[in-house]
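Engineer: Let chain F serve as the given structure and place chain Y on it in line with the hints.
Below, each chain spelled out in residue letters.
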Amino acid sequence: MEWEQLELNPRIIAAVKKANFRSAKEILRVSGADVQRLTRLSKTDVQHLHSAVAAAVRKSSPVTALQLIQGECPVLEPGHRLSFACPILDGLMRGGLPLRGITELAGESAAGKTQFCLQLCLSVQYPRENGGLNSGAVYICTEDSFPIKRLRQLITQQSRLRPDLPPALIRSRHFTDSIYIEHAADLEALQACVSQRVPVLLKRGLVRLVVVDSVAALFRSEFQADEAIQRSRHLLAFSSTLHRLSHAYGAPVVCVNQVTDVVDGPNPGRCDYGLVGSKVLPALGIAWANQVMVRLMLTRLAGQVKSDSRSSALRKLEVVFAPHLPRASCLCGVWEEGVRGISDNDSELQPQSSS
Amino acid sequence: MHRTVPSLPLAPSVKVKLINAGFQVASDLIDMRPLQLCKEAGISQEEAVEVLQMLRDDAQPHQQRAATESLTALDLLHQEQTLGSIVTFCSGLDDALGGGVPVGKTTEICGAPGVGKTQLCMQLAVDVQIPVCFGGLGGKALYVDTEGSFLVQRVADMAEAAVQHCTLLAEDTEQKQALEELTVEKILSNLFLVRCHDYVELLAEVYLLPDFLSEHPEVRLIVIDSIAFPFRHDFEDLSQRTRLLNGLAQQLIQLATQHSVAVVLTNQMTTRISNGQSKLVPALGESWGHAATQRLILHWEGLRRLASLYKSPSQMEATIQYQITVQGFRDAPDEPRHTDSSAVSSPSGNYSKRPRLENLS
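Protein chains in written order, with full-length UniProt numbering: chain F, 1 to 355; chain Y, 1 to 361.
Isolated chain F, as found in the complex (with noise of 0.2 Å):
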């Protein structure tokens, strides 16, 4: 660290060098009494010093949200979403996934989650104007094995989920060259998977979708249930990680939670985000809830829904929270293509009327 470089009294960076600081993070690291005590300089002296190094620290000055909506910053607002590849999810989700933050997935098992993921996987890979971000993505997978034989079915059938787009750029991609799969047995796979290999794939530009597959799996196996300060550091650890990744490189994370029954009723030790009357919540507790920027569930209903001839078990999309979407939800089915959203006036519907 270059002291000098800090518009400071010489006799002050003196004492700064002589108690051994090393950079500028390292004072803030420190409580003002404590540099005071180290430096022996006085109070006012510790202000000016702090003053010159939260100067260096800080990245970028205020922007006014007027700057933030007229597009001068790219970097803390990008202007556009990740697109689900169905113009209704995407009214649902306001344009689709944000750049920034976790998007959770929730649900019971069978309910779609994986569908939903491959279908992002693809999108991504589209120009910014058709909804993508024009690069690949990261699939994770910590139960099953990658679906290798559904993405090439759902590749295969592009055409038919997005007639929007021209065939002539849906042939020109090579999808499955951009879509890196990686395994992670247990924590430690994951925690190195996620810190070391993943940063790589982002630096290079050739991922821009990071898909973990499931999140739960792995937490809820390692640990017992009385080891739950545990659970919550590695939980933490882990999405600090995401967190800090998505940000830097502007990476939507889509990560796939399993759900936990709830058995007796309303708890006050226990956060039920408004979902009365679901028999299901979201697993990993409050410790995961807090880390996640946008929650989703998936649940599986009775009926079926057509269309041209075929028929989908009936699912339903909700946003349980988001900063910037009220609580809705759609309904969606899962054919061959993929997923794609049912609109409240279709005549195609089915439904048998369920709880």
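Hints are computed from structural coordinates only; laboratory data are not their basis. The model shown is predicted, which means the values in this text are computed figures rather than measured ones. From the three backbone atoms N, C-alpha and C, an ideal C-beta is built for every residue, glycine too. One or more hints might be untrue.
To be verified - Computed list of lysine to aspartate or glutamate pairs in DMTMM-like fashion (alpha-carbon distance at most 20 Å, straight line):
1) Y:Lys279 x F:Asp261
2) F:Lys279 x F:Glu337
3) F:Lys18 x Y:Glu46
4) Y:Lys279 x F:Asp226
5) Y:Lys311 x Y:Glu80
6) F:Lys316 x F:Glu337
7) F:Lys43 x Y:Asp57
8) F:Lys59 x Y:Asp198
9) F:Lys59 x Y:Glu215
10) Y:Lys186 x F:Glu72
11) Y:Lys17 x Y:Glu50
12) F:Lys43 x Y:Glu46
13) Y:Lys279 x F:Asp264
14) F:Lys279 x Y:Glu301
15) F:Lys43 x Y:Glu50
16) F:Lys43 x F:Glu26
17) Y:Lys15 x F:Asp34
18) F:Lys43 x Y:Asp211
19) F:Lys25 x Y:Asp237
20) F:Lys17 x Y:Glu46
21) Y:Lys279 x F:Glu227
22) Y:Lys279 x F:Asp272
23) F:Lys25 x Y:Glu236
24) F:Lys59 x Y:Asp211
25) Y:Lys15 x Y:Asp31
26) F:Lys25 x Y:Asp57
Said to hold, decoys possible - Sample of chain F residues facing chain Y (criterion: CB under 8 Å; computed from the structure):
27) Leu28
28) Ala65
29) Gly274
30) Ile286
Claimed, not checked - Just a sample of chain Y residues kept apart from chain F, beta carbon distances all over 12 Å, derived:
31) Asp95
32) Asp145
33) Thr319
Structural biologist: Only chain Y this time, still in chain F's reference frame:
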């Protein structure tokens, strides 16, 4: 000049040496020469020169700080009344808070994810800008975002709704004139955003706040959303965290009082197990509970969202219901007082014209 030596802005070791040498009051030192002082007190020549330089600067009459100025309680009451508060557009909450989020104090908002903390903060950042003739403060806001959850689209929605609300309320010419200048663009241009990615950046930002507030004296609200997020990981040494948080709390209270701003902090919830029962409590530990002047806890009760005022020096504990609509943070729909958010407010409503004090300085 009767300043005692311990009250001088010098390094503690120098002060100790001066006191041991028998210097009690500043006037004892003022006539000494550096070498003399050096020998008598046992400090280095450099330090002696500095001490005398500092005393000479201090002796200028216009620089003498009133170290022992006293105010009567009545003066303090006047001061507090003129500071004002920021409405939340939820009249139940405004009443519980005694008018709104108070300027000059720190308010902490705790709650589980998704309950509405960020929504309330964004609402306050818009509401602080309501012109004075509508009962607002006409001030600017600084939003320190540590989680990345500030999405400007949502703030634009809230600003639009606030402008529409004021349009419905405008009665006299002064209000109509103020309304012409109140546009969504203007509201967005008066809202400053800073994003901090870890606790070191957050601490740096807080050290730079006094300069920022001097450059922008119209800022009346500082939001830190959230203060918990950067402090809850990367900390092996919890006592270091407590020291840093305490220092931060003191700095923020000082800023609030010296620059007349309202400081709003959001905090997360965590589970605490006591007697085999688990409860949701605010994060960051027990000692953090003393940091803010007021504490508001937002929580779910079934489908209802409730806000509880847990700690306040002037208001009593209360729980009110609220809801989050497209327009922002509002009263819950079955509140008997206000039927719809678009209705014109009752005369005693918090966002209608306030009686103006004659001797407003």
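Engineer: Against each hint, give a clear statement of whether it holds in the structure.
Structural biologist: So, going through the hints one by one against the coordinates:
no. : hint                : in the structure
1   : Y:Lys279 x F:Asp261 : holds (19 Å)
2   : F:Lys279 x F:Glu337 : violated (30 Å)
3   : F:Lys18 x Y:Glu46   : holds (17 Å)
4   : Y:Lys279 x F:Asp226 : holds (16 Å)
5   : Y:Lys311 x Y:Glu80  : holds (19 Å)
6   : F:Lys316 x F:Glu337 : holds (18 Å)
7   : F:Lys43 x Y:Asp57   : holds (17 Å)
8   : F:Lys59 x Y:Asp198  : holds (12 Å)
9   : F:Lys59 x Y:Glu215  : holds (19 Å)
10  : Y:Lys186 x F:Glu72  : holds (16 Å)
11  : Y:Lys17 x Y:Glu50   : holds (14 Å)
12  : F:Lys43 x Y:Glu46   : holds (18 Å)
13  : Y:Lys279 x F:Asp264 : holds (15 Å)
14  : F:Lys279 x Y:Glu301 : holds (17 Å)
15  : F:Lys43 x Y:Glu50   : holds (14 Å)
16  : F:Lys43 x F:Glu26   : holds (18 Å)
17  : Y:Lys15 x F:Asp34   : holds (18 Å)
18  : F:Lys43 x Y:Asp211  : holds (17 Å)
19  : F:Lys25 x Y:Asp237  : holds (16 Å)
20  : F:Lys17 x Y:Glu46   : holds (18 Å)
21  : Y:Lys279 x F:Glu227 : holds (17 Å)
22  : Y:Lys279 x F:Asp272 : holds (13 Å)
23  : F:Lys25 x Y:Glu236  : holds (17 Å)
24  : F:Lys59 x Y:Asp211  : holds (16 Å)
25  : Y:Lys15 x Y:Asp31   : holds (17 Å)
26  : F:Lys25 x Y:Asp57   : violated (33 Å)
27  : Leu28               : holds (5 Å)
28  : Ala65               : holds (4 Å)
29  : Gly274              : holds (5 Å)
30  : Ile286              : holds (6 Å)
31  : Asp95               : holds (24 Å)
32  : Asp145              : violated (9 Å)
33  : Thr319              : holds (14 Å)
Violated hints for the displayed structure, listed by number in ascending order: 2, 26, 32.
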